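Dock chain D against chain F, hints included.
Going line by line, the protein sequences match chains F and D.
In terms of the numbering used here, the numbers along the first sequence are unbroken and rise by one, the last being 609.
In terms of the numbering used here, the numbers along the second sequence are unbroken and rise by one, the last being 1001.
Just so you know, these hints were derived from the structure itself, not from any lab.
Mixed in with the good hints, there may be bad ones.
As the list claims (entries may be wrong) - One-sided excerpt, in silico: chain D residues whose CB lies under 10 Å from chain F:
(1) THR725
(2) ARG730
(3) GLU732
(4) GLY733
(5) PHE734
(6) GLU805
(7) GLU840
(8) VAL845
(9) ILE864
(10) TYR875
(11) TYR885
(12) ARG906
Unchecked claim - Rough simulated footprint, nothing fancy, chain D against chain F, three-plus residues with beta-carbon under 8 Å:
(13) 291-304
(14) 399-407
Bear in mind that the values here come from a model prediction, so they are computed numbers and not experimental data.
Ideal Cβ placement from N, Cα and C applies to all residues, glycine included.
Here is how the chains run, residue by residue.
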Amino acid sequence: MSDRSDILPRRQSMGGIADQLTGIPLHFPAERRWVIAMAFASALLLLLMISVTELFTRGVGIWGINIPVNWAFAIHNYVWWLGIGHAGTLISALLLLTGSEWRNSLNRFAETMTLFAVVCAGIYPILHLGRPWYVYWMFPYPATMGVWPQFRSPLEWDIWAVLTYLTVSLVFWYTGLIPDLAAARDRATGRGWQIFFGITSLGWRGSAIHWLRWSQAYRVTAALAVPLVVSVHSEVSLLFAAGQIPGWHSTIFPPYFVLGAAFSGFAVVAIIAVALRSWFGLRNLVTDEHLDVLGKVLLATGLMTGYGYVFEVFDALYSGEPHDMRTLLDRVAGVYAWIYWGAVLLNFVPLQALWWRGVRRSGWALLLISISVAIGMWLERDMILVTSLYRDFLVSSWGKFTPTFWDWSTYLGTIGLFLVPFLIAVRLIPMISIFETKELLHEEKQEARHG
Amino acid sequence: MTHNGHQQRSQLIPSEDGRRQWSGIEELSDDPAFQAFVDAEYPAAQTFSPTARREFLKLMGASFALAGLAGCEKSPFVAALPYVDQPGEATIGIPRRYATAVVLDGYAQPVIATTYSGRPTKLDGNPDHPVTGGRSDVFMQSAVLGLYDPDRAQTPTHRGEPVSWKDVVAAIGVLREGWSKDGGEGLRLLVGPITSPTLLRQLDALLKQFPKARVHLHAPAQTSPQRSLTKAAYGKPLDLHDVLEQCDVIVSLDDDILGPGLDQVRNARGWAASRHRFADRPGNRLFMAESVPSATGAMAGSRLIADASRMPVLAEALANALGVPGAAAGEITERERGWIRRAADACGKAHGKSLIVAGPVGEQAAAIWAARINEALGNAGQTLKFTDPITGPAGAGTLAELVSDINAGTVHSLVVIDCNAAYSTPGELKAAEALQRVRTSLHLGSQRDETGALCEWQLPLAHALESWSDARAVDGTATIIQPLIAPFYDVRTTHQILAMLLGEIDPTSDAAVRETWQATFGDAFSTRWSQALHDGFVQGAAAFVEASPISATVTAPPEDGAVDIVFRLDPTVWDGQFANVGWLQELPKPLTTVTWSNVVAIAPDLAKRISVANGDHVEVRIGDRSVTGPAWIMPGQAGNTVALYLGYGRTRAGRVGDGLGYDAYRVRPADRPWLAKGSLRKVDGTETLAVTQLHHRMEGFDFVREVNPGEVVKQPASEHASFYPQWASSENAWGMVIDLDACIGCNACVAACTAENNVPIVGAEQVKVGREMHWLRIARYYDGSIEEPRSHFQPVPCMHCEDAPCEMGCPVHATTHSPEGLNQMVYNRCIGTRTCSSYCPYKVRRFNFFDYRTPADSPTQAAHNPDVTVRSRGVMEKCTYCVQRIEAAHIAADKESRPLRGGEVVTACQQACPTKAIVFGDIKDPNSEVARLKRDGRHYVLLEELGTRPRTTYLARWRDDGSGSGQG
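Just chain F, with the same shape it has in the complex (with noise of 0.2 Å):
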């Protein structure tokens, strides 16, 4: 790693940088657009309440969901949420124990977006219930019947899987913030802002003995994290799997879940990156070459993901099951074809063009092919769910999925609900690793005096 160019501009300096970051939520430099984003975001959110309020007043029965696909928008969209939820432990979690230094302009709003996207994929399992308010009979409560959860059901795996990677997910996240809630503590001017920043900065002093224990924890947490990845997305894979449903029922499942989250994850990060960078001006922080390396990792787990969809067909026709065959001809010539072919063309058609160094450095073009692969990644979930259950086995229950606008609603409302915290963190905390970066720059000021 010695060899490499610098990611961050030289010429600037550290206390820049921590003035520049802590300004933001201090002296909030987007005023106008943060509370247009803020009344869409909101808008959303209220219609995700109207629908949850509709949907828990009436029933499941509001959406297009039937028998055969009893299956349909709240598992598909939980599962893409789930995937996105991936990539900022990843970034941040594998990036950090294999020392590739320039996460550290990008893990921090990476895993604020983890953190909001588990909690929208995590509200469906409960939204989906036909009977919500008896959620808790899947927890091992001390229940007076003595009943208790079923453990050979994903579902229940389910449970603990998100759960666990939620609580990791947050203890990580917050972990690595001390440091920046103390700039910002230090910074702050206003009493109310001294006082938050006070609190939540737990008292750090920045001595070595801080850091030291701080670096320590905020690694191992990042060792737990990491697993914790593969296996969410590996069990959200077994709630299909574990199924013998033709077009579920296969090994591929796992790694192929966990690529596909990691790229819609990238793909949202990106999203993210080109649009803070250029909300807030921080050209100076995440850097063409950060668009450049995530361009890179894109392509790279768009190309994986793309081996699995090549995969799932070879399987499909190498163990001549006609059931398989048949969901497979289902999936790319029946009434849904265009799901399928939605998904591979918006997953790596436009992916392609990252090949190519100055589009992958263009903060639109990246804009732009991470937008399709969101929605590309969004159609996969959607074709591996309905496009499965719609034909089972017997022809004769065999059925059609229509959404309705309350699927819909219940879809566009999640958005709301990423957008509103995400907009508040953004408002509220620094949204780039200050101390990172600087030590980031530190360490490349060094570099440049020693040769």
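Just chain D now, with coordinates in the frame of chain F:
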């Protein structure tokens, strides 16, 4: 029953002079007498605090007041009170069963009715009855819902205004005076087909009192048209009785003998008995020439597709091939010739053991040829028996005559007895307009339907389950109908109203019936009467008579117009009388799986020609009348035949049945009720039909298997091919075998399951999005080309897998495995993740997407089986193998400290099935029927490759001819 409680109350409420009115509900609750009553009824109320007690009394008062003010003395639904004096013989919660009958088109459908605390909840066939042997059809299974129909007429009305029976009696008195003066000149009675000896006797008596009165018969369904055909063929009106159990060969010319109708149970039983005489080969062969696909066609080993108007020609050609004198070979196609040759060959070898039947679309010509062939083959008297007509009244006029008399002004009084002439009459007769012209009209009916609305008086009839009456089954065996419950509403039986017309004052409900049977039973009346009520029928079918075909020349029906328009009775709402029965509306119609509507069935070729798809509106024109309905492309239908289904398009059926489908009666010709010539064209508009099965091809899979005689489908697989240990089994291990060679797709099992298991009705909109709740579906598959497919039926209930994917998927233990091998659903543990359904390879689970329960204030609540939980919103449900029946049997056995007997547990579907296609029992008992069938060579497992090891398995269909195509 609430009866006693109400009597108690009605003695309490009026004080001194019996005419006191209370001004408010509070006053009522302060009434000491009322309080005393409440204290007696609700001892708990005494312990309430004074405030709570006042509040309680107020609420009680409110509900009683509502019950009282509703205008009838006995409303059972608002306040269900416990017995004041509990009858000694009844235990709350223990069902009681009574033999009686419900009535379809005048004929008795003998039933054993189950009642809980005095409320009938379930009807099943009477196992001792010679016609049904305990088996049912969809109409019988659903008849109980008619009892609780919220749209029943509840009180007599005069021009729509509620009146009392005193007013009715007074009015009848005035009418009788008028009739007496002129001997009944201008008095007409319009009746449906009647088998009731009591009603026929009363009609006779009425005609004796008023000799100039006349009776007219209105029979939109099957009975009287058949009469006219037999009259043409045999020279006198007869009832034909097919003895299918003795047939080796059956040839049907567009006669759906196994399809819905009065004879379905008898025919299906007979056909199945002869079909499954041998274990190693099919016991009979069925040849079917048909224009519109039917159950009979689906079961036929050799099926010929031919337009309806070809039937007389085919009948004559068959007669010619069998050497019947006078028959010409006619002009027939190569294909038709091949079919006729094979059918004739088979018949030729089965003298006296074959049967040729001709449907009403073949009209007189086909009926005459069929009669002559049966005579020539020696079938008459063997496989085909004759009786004098079982329905009456003899010598009745027709509806057309009545209408012309009314229009001529010679009718001033009309009594319509339980028939809906304003609706179910060929449109060209303009019967509704004629009815309005009659000065005084009385409509006796259970509903104020289209006819009731036009008549001056609407007199509400009691349901068969609340009536004393009698009726004969299709073979003439009489049943005395006894009430299981006191009438809910202010209604009377037909016999009571007839007695009023005869001048009796306040006739009791059973007097007329007793009088009839007094004559028959004579001195042994009391014992024989009790015996008849106990058995559910009076021994003795109608006597067979001799008949031989007359030798008149056969005139072929006229040929004109472009397309054959065939009229069919609807398989679920029949002639329209069941339009307001939700169970029947939601029952998927055999072959189409359409619910909640009728369709215009057309052939794929014809559809292509006029470029219509399913649901597109088409207009059928016959003469100058036309009707528009949604098209349905029916694979295997004859190219030039269009089928219209009667029974829909009703306007006064009630909240369930109004405004569904189109009214085919509007275009039905009066002179040719079954086949007409007309034209078809596409018109604007399309609709989404509520179908329960979207795809019908087997797509190359072997869900329904077929086997040649002597062949074995598959060697039994190794018993336990799994890494996991087997479940420990308790003493009994339940299993089911469904014989696909016997299933005629009649839906009786689905209807029985719906009634037994409180399966909710969800309505057309929910069916359209795929949320029907039936626990058992009759999957229907096509094999071969769309023009000439072979049709298969496959009932699919829960498979009760040993290694059930659903059980593994549920996160909360809501679906579990019982020691007896049942895959159980624990409703109150279910949180509705729907994982079980996602994982189920058979997709037999059903989910309560909304709250589908019957509203609490609906009388239909009372039809629920109290032994089965009513499921709430958000809960999964599915076939339980009627676990409540299994448990009831266990309890009965435990009380007697004995093991369960073989065949002691019978599921509802099994009990209903007319062909015994569904066999349920203990697979651990090697001598049980089900265990024996599981060893049969035709036995196979649906989706065996998945390793779910289902308890429900199938027997393959026989291939009659080895080719398996079933065509031509």
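Interface hint for VAL845 of chain D, Cβ within 10 Å of any Cβ on chain F: holds (5 Å)
Taking the closest Cβ pair, is TYR875 of chain D under 10 Å from chain F? holds (6 Å)
Take the shortest C-beta to C-beta distance between ARG730 of chain D and chain F; is it under 10 Å? With a minimum Cβ separation of about 7 Å from chain F (threshold 10 Å), the hint on ARG730 of chain D holds.
Interface hint status, GLU805 of chain D versus chain F (Cβ within 10 Å): holds (8 Å)
Are 3 or more residues of the segment 291-304 of chain F near chain D, judged by a Cβ distance of less than 8 Å? Holds, because 4 residues of the segment 291-304 of chain F bring their Cβ atoms closer than 8 Å to Cβ atoms of chain D.
Holds or violated: is there a CB of chain F closer than 10 Å to the CB of THR725 of chain D? Holds, because the Cβ-Cβ distance from THR725 of chain D to chain F comes to roughly 9 Å (cut-off 10 Å).
Take the shortest C-beta to C-beta distance between ARG906 of chain D and chain F; is it under 10 Å? holds (5 Å)
Quick check on GLU840 of chain D please, does its C-beta sit within 10 Å of some C-beta on chain F? holds (8 Å)
Can you verify the interface hint for TYR885 of chain D: is its Cβ closer than 10 Å to any Cβ in chain F? holds (9 Å)
When the least beta-carbon distance from GLY733 of chain D to chain F is tested against 10 Å, hint result: With a closest approach of 7 Å, the GLY733 of chain D hint holds.
Under 10 Å, Cβ to Cβ, is where GLU732 of chain D needs to be relative to chain F, so tell me if that hint holds or is violated. holds (6 Å)
For the segment 399-407 of chain F, count the residues whose Cβ lies under 8 Å from any Cβ of chain D; is that count three or more? holds (count 4)
Checked against the numbered hints above, the structure violates none of them.
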